[in-house]
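> Take a look at the letters that make up each chain.
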Amino acid sequence: MNFKIIKKMANLSYTNNLLDGKKVDKIVKQLSQKDLKMYIKSLKNIENKNTVTIVVPNLLKNSTLLNEVKKLFANKKIILKEDRSLIAGLQLIDNDTIYDFNLKNNIKQMVNYINK
Amino acid sequence: MDKSKKIIEDLEKKLSSFNAAGSQSNVGVVEKNNDGVIVASGLSKAMMGEIVEFENSSRGVILNLDEDSVSIILLDKAENLKEGDSVKTTGILLSIEASEDLLGRVINPLGVPLDAKSKPKKGKAMPLERIAAGVVEREPVNTPLKTGIKAIDSMIPIGRGQRELIIGDRGTGKTAIAIDTIINQKQAAKLRKEDPVICIYVAIGQKQSTVAQVVEKLREAESLDYTIVVVASASEPASLQYLAPYAGVAIAEYFMEKGKDVLVVYDDLTKHAWAYRQISLILKRPAGREAYPGDIFYLHSRLLERAVKMNKANGGGSITALPVIETQANDLSAYIPTNVISITDGQIFFSTDLFYSGNRPAIDAASSVSRVGGAAQTPAIKSIAGKMRLELAQYNNLAAFAQFGSELDEATSKQLERGKRTIEILKQLQYSPLSESLEYLSIWVATNGIIDDIAVEKVLQFEADFHNFMKRKYPKILEELATGQKPNEELLKKIEKGALEFKKMFN
Chain S
1 MNFKIIKKMA
11 NLSYTNNLLD
21 GKKVDKIVKQ
31 LSQKDLKMYI
41 KSLKNIENKN
51 TVTIVVPNLL
61 KNSTLLNEVK
71 KLFANKKIIL
81 KEDRSLIAGL
91 QLIDNDTIYD
101 FNLKNNIKQM
111 VNYINK
Chain U
1 MDKSKKIIED
11 LEKKLSSFNA
21 AGSQSNVGVV
31 EKNNDGVIVA
41 SGLSKAMMGE
51 IVEFENSSRG
61 VILNLDEDSV
71 SIILLDKAEN
81 LKEGDSVKTT
91 GILLSIEASE
101 DLLGRVINPL
111 GVPLDAKSKP
121 KKGKAMPLER
131 IAAGVVEREP
141 VNTPLKTGIK
151 AIDSMIPIGR
161 GQRELIIGDR
171 GTGKTAIAID
181 TIINQKQAAK
191 LRKEDPVICI
201 YVAIGQKQST
211 VAQVVEKLRE
221 AESLDYTIVV
231 VASASEPASL
241 QYLAPYAGVA
251 IAEYFMEKGK
261 DVLVVYDDLT
271 KHAWAYRQIS
281 LILKRPAGRE
291 AYPGDIFYLH
301 SRLLERAVKM
311 NKANGGGSIT
321 ALPVIETQAN
331 DLSAYIPTNV
341 ISITDGQIFF
351 STDLFYSGNR
361 PAIDAASSVS
371 RVGGAAQTPA
381 IKSIAGKMRL
391 ELAQYNNLAA
401 FAQFGSELDE
411 ATSKQLERGK
421 RTIEILKQLQ
431 YSPLSESLEY
441 LSIWVATNGI
451 IDDIAVEKVL
461 QFEADFHNFM
471 KRKYPKILEE
481 LATGQKPNEE
491 LLKKIEKGAL
501 EFKKMFN
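Just so you know, the protein sequences line up as chains S and U, in that order. The numbering of the first sequence is our numbering, which starts it at 1 and goes up by one. The numbering of the second sequence is our numbering, which starts it at 1 and goes up by one.
Hints may contain errors.
[Said to hold, decoys possible] Only pairs whose alpha carbons sit at most 20 Å apart, straight line, appear in this in silico EDC-like list of lysine to aspartate or glutamate: (1) S:Lys44 / U:Glu9; (2) S:Lys37 / U:Glu9; (3) S:Lys116 / U:Glu9; (4) S:Lys49 / U:Asp66.
[To be verified] Here are a few chain S residues that face chain U, going by a calculated C-beta distance under 8 Å: (5) Asn2; (6) Asn58; (7) Asn105; (8) Tyr113.
Hints were generated in silico from the structure; no laboratory data involved. A virtual CB, placed ideally from N, CA and C, is assigned to each residue, including glycine.
Can you build the whole structure from these sequences, using the hints too?
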């Protein structure tokens, strides 16, 4: 099956921005093993596009900041993660773009700057 | 204590201009690795020709942007790269650090030294891909670039800013001509009392041993001081071979922007086309004639278009390109040779038959041409070169008739004899380029009948001794000829006197 059609099917598998189990069951039955792989890949891509991951050094200490960030991505699913190596600040992962506003990244930039 | 204080001070000084801001990066995941070409998903904001960095700090360049993935060619040998590894964009387009520090060095297309010497100093980042200078910034080719080879300087002259193709079968002396031209720049600069033309020799897909020989030869001739050797040998990945000529011209542009004259030799573009074909086939780009991709013409035209003679308002620098193409069985009508012939401003054709019959350099004057070099030829050489070319053409016509063995009239046999001697005097040993004055004298004695009665096999001996005689006894004549001006009657008489005087001694 054409990749474009499979992509379209993956887009149609959602109802109100949520993956619809019934639709997925129906589609999966029509697909060969090869097409199924592409279908799963397309679903993953859509999930990634609709998800924002916020990484903070301490989940408890950053609750106000997190609420502010959540407002920025109102239409997206928010996942919270803790990574103590960030030291301070936060990291936003929006699909394939990473925004770094943390001390770990600043130190890394500083080292690169000195090495230059 | 003082030392540590100084280190801290240096660090503080460096960091005073550091601006700690948030950063944004575009990441992706390695999906496939096909013979050095990586397919990665993500990287939705990647640019064509952008450098990307893999998890293991190896680097690559983006060559294809597809709907859901990008294709990356690897710049390093990254055997340990595997599916699922992360890759991120750097926001930097492929460039090479160019500076005066590169002179005398042997580097790879990424600027990494290959000569076991220290790392060159940081210079100006010159982009590998760049649009060539426009019409307004240019001026016509008007200054000669002396090769020191009689046959070329007289019949197929090269001007600064010209693109002259060197074409021929393997082992016919193409590289030798390019090396001779580089070596001659020192001598030519000395006579003109200026800095030598900066030379860049780009070796693409060649054996390491061949490159080592070339470097050694340049070192012996003390020509390495003004030369940069860019090497992507046969053992390097196709990606580096593809990038090598662009790296060469990027360095050339650095010097050209400073108003200097630069000569770039691309040895050779046939192997460059092979490397690009390999990359394109792996990238699954549609294959055309001889399996080359559709943009194979643009590959070379955008490279050679960067050869330029800038006008005074833009610094007056120049880049002269000498691309080399290897033919198969003297076939000039193959795909890549015809492409490059149509791009360049002329070609020097090396014939296998001439090479094996002992005519070295084996330049086939009938198939060679310089479309713009005539304008750059000095009046001195121009005044005698036309006559010689005509005589040679007539000789070639008559020689075909003479093979029938019929009796020839006196005028015809005279013309044949002179032709033989002219061909003989155009022979030249490798790595022995001549100054313009000596070139003039050689051609003058041939076209003015001075050597008509010298045995053909003694012509080269006559020439060498005559040069020494003139250097010793009439250095002023050589000085006057070195100005490049058309000799006046008085000077011509002096030359004739000197030639006849020597001839008496020689006989």
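> Could you run down the list of hints and mark each one as holding or not?
Hint-by-hint comparison with the structure:
Between Lys44 of chain S and Glu9 of chain U, the direct Cα distance comes to roughly 51 Å. Violation of the 20 Å bound is thereby established for this hinted pair. At most 20 Å may separate the alpha-carbon atoms for a hinted pair to count; Lys37 of chain S and Glu9 of chain U exceed this at roughly 58 Å. The straight-line distance between the Cα atoms of Lys116 of chain S and Glu9 of chain U is roughly 17 Å, inside the 20 Å bound, and the hint therefore holds. Taking the CA atoms of Lys49 of chain S and Asp66 of chain U, the gap is about 17 Å. The hint holds against a cut of 20 Å.
A cut of 8 Å between beta carbons decides the hint on Asn2 of chain S: the least distance to chain U is about 13 Å, and the hint is violated. Contact between Asn58 of chain S and chain U, as hinted, is not supported at the beta carbon level, the nearest pair being about 19 Å apart and thus beyond 8 Å. With a cut of 8 Å, the hint placing Asn105 of chain S at the interface with chain U holds, because the nearest CB-to-CB distance is about 6 Å. Interface hint status for Tyr113 of chain S: upheld, as the beta-carbon distance to the closest one in chain U is roughly 5 Å, under 8 Å.
The structure fails hints 1, 2, 5, 6 (numbered hints given earlier, in ascending order).
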